[in-house]
Amino acid sequence: MTDNEFKAAFEEHKDAVYRFAWRMMNSPAAAEDIAQEVFLSLLRLPGRFDPSRGPLRSFLLGITRNFVLKRWRDENQWEELADEHFVTHPISIERSEIAQIVAEAVRGLPLLQREVLILAEYEELSLEEIARAVESEVGTVKSRLHRARENLRRMLAPLKPRNSERSEVSHGTAK
Amino acid sequence: MEPLNENELNQMLRKWEAPAAPPTLTSGVLEKRESSWWRWLLTGTVRIPVPVALAVAAVVAIWIYHSRPAAPHRVAQPGTVSLADFKPVRQLQPVVVTGGQK
Numbered sequence: 005m006t007d008n009e010f011k012a013a014f015e016e017h018k019d020a021v022y023r024f025a026w027r028m029m030n031s032p033a034a035a036e037d038i039a040q041e042v043f044l045s046l047l048r049l050p051g052r053f054d055p056s057r058g059p060l061r062s063f064l065l066g067i068t069r070n071f072v073l074k075r076w077r078d079e080n081q082w083e084e085l086a087d088e089h090f091v092t093h094p095i096s097i098e099r100s101e102i103a104q105i106v107a108e109a110v111r112g113l114p115l116l117q118r119e120v121l122i123l124a125e126y127e128e129l130s131l132e133e134i135a136r137a138v139e140s141e142v143g144t145v146k147s148r149l150h151r152a153r154e155n156l157r158r159m160l161a162p163l164k165p166r167n168s169e170r171s172e173v174s175h176g177t178a179k
Numbered sequence: 022m023e024p025l026n027e028n029e030l031n032q033m034l035r036k037w038e039a040p041a042a043p044p045t046l047t048s049g050v051l052e053k054r055e056s057s058w059w060r061w062l063l064t065g066t067v068r069i070p071v072p073v074a075l076a077v078a079a080v081v082a083i084w085i086y087h088s089r090p091a092a093p094h095r096v097a098q099p100g101t102v103s104l105a106d107f108k109p110v111r112q113l114q115p116v117v118v119t120g121g122q123k
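Listed in order, the protein sequences are those of chains A and B. In this text, residue positions in the first sequence follow the working numbering: the first is 5, and each later residue adds one. In this text, residue positions in the second sequence follow the working numbering: the first is 22, and each later residue adds one.
Read the hints as simulated data drawn from the structure, not as lab findings. Incorrect hints may appear among the rest.
[What the hints assert, rightly or not] Across the chosen pairs, the derived CB separations fall in these ranges:
#1 A41/B to E9/A: 40 to 46 Å
#2 D7/A to R68/B: 24 to 30 Å
#3 A82/B to N30/A: 32 to 38 Å
#4 A74/B to E139/A: 24 to 30 Å
#5 R57/A to E23/B: 38 to 44 Å
#6 E154/A to E52/B: 42 to 48 Å
#7 P90/B to M5/A: 24 to 30 Å
#8 I83/B to N8/A: 27 to 33 Å
Glycine included, C-beta positions come from ideal geometry on N, C-alpha and C.
From just these sequences and the hints, can you work out the full model?
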């Protein structure tokens with residue numbers, strides 16, 4: 005990888021890598037460290053990227069995911085990673101803004117559900133790309149995504165608009 | 022409590038926005054990129070599979086064994102001859118030997 009190719013790749017994907025790490029880690033400093041590591045590892049081992057297996061973006065998000073997982077394991081050695089039967093309760097909405105509540109809910113998901121949800125909803129990766137990034141089967145990704153959304157629907161139930169507000173929400177206040 | 026429907030969930034998820042990468046990320050990566058090779062030479066590690074490491078160690082050991090300098094051959098030094106104790110015979114007594122009889 006030439007110097008210019010590296011710079012172009014960095015400029016194009018730095019935001020996606022940082023955003024993903026930021027959403028996963030809940031810490032700007034940790035997200036920045038991870039994003040740095042991701043690009044430096046691309047620089048050291050450019051041969052690891054095989055364009056025939058998917059775009060550079062999903063490759064970089066896959067590396068990001070590995071660094072996130074490594075940190076998570078360092079910090080939560082005794083916690084079970086695959087919490088398949090995790091069921092959440094509605095969260096309190098009295099003290100926060102909606103964005104904070106959504107953040108809290110997403111970050112409250114088990115790691116394996118959280119990563120597929122973030123990659124699908126926020127980074128808009130296809131199921132195949134997510135499967136490659138998280139080193140799983142497409143079917144597994146699908147079911148994790150389904151469980152993540154089910155959990156979020158329950159967790160965020162207190163935010164459900166009342167009948168009078170529904171029309172406003174359905175027209176969309178989101179970007 | 023009734024859960025959100027799919028549309029409502031999508032609306033909610035969109036409200037959580039992430040910041041763009043900070044400028045310090047750019048400067049950090051570009052700075053480390055400059056020094057990454059010599060830094061790697063000083064502090065980097067290389068992962069080698071155990072069988073490969075053992076094979077390399079065996080090859081090196083064999084090579085060292087065969088390439089050691091051979092022990093020099095000892096060449097017998099010619100003995101020194103001294104005539105210091107040489108005494109000439111006092112009387113010469115010639116003996117003639119013929120046909121194996123004295």
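Inset, instruction - Go ahead and decide if the range 24 to 30 Å is satisfied by the Cβ distance of D7/A to R68/B. - result: Holds: the Cβ-Cβ distance is about 27 Å, inside 24 to 30 Å.
Legend entry - Cβ distance range 32 to 38 Å for A82/B and N30/A, holds or violated: At roughly 52 Å between Cβ atoms, N30/A and A82/B fall outside 32 to 38 Å, so the hint is violated.
Inset, instruction - State, for the Cβ atoms of R57/A and E23/B, whether the hinted interval 38 to 44 Å holds or is violated. - result: holds, 43 Å
Inset, instruction - Could you see if the CB distance from I83/B to N8/A stays within 27 to 33 Å? - result: Cβ of I83/B to Cβ of N8/A: about 47 Å, so the range 27 to 33 Å is violated.
Legend entry - Status of the given 42 to 48 Å range, CB of E52/B versus CB of E154/A: At roughly 44 Å between Cβ atoms, E52/B and E154/A fall inside 42 to 48 Å, so the hint holds.
Inset, instruction - Note whether the CB distance of A41/B and E9/A lies within 40 to 46 Å or breaks it. - result: violated, 22 Å
Legend entry - Beta-carbon spacing of A74/B to E139/A - inside the hinted bounds 24 to 30 Å or not: The hint (24 to 30 Å, Cβ to Cβ) holds, given that A74/B and E139/A are roughly 27 Å apart.
Inset, instruction - Please test the hint of 24 to 30 Å on the beta carbon pair from P90/B and M5/A. - result: violated, 47 Å
Going down the numbered hints, you'll see the structure goes against 1, 3, 7, 8, while the others check out.
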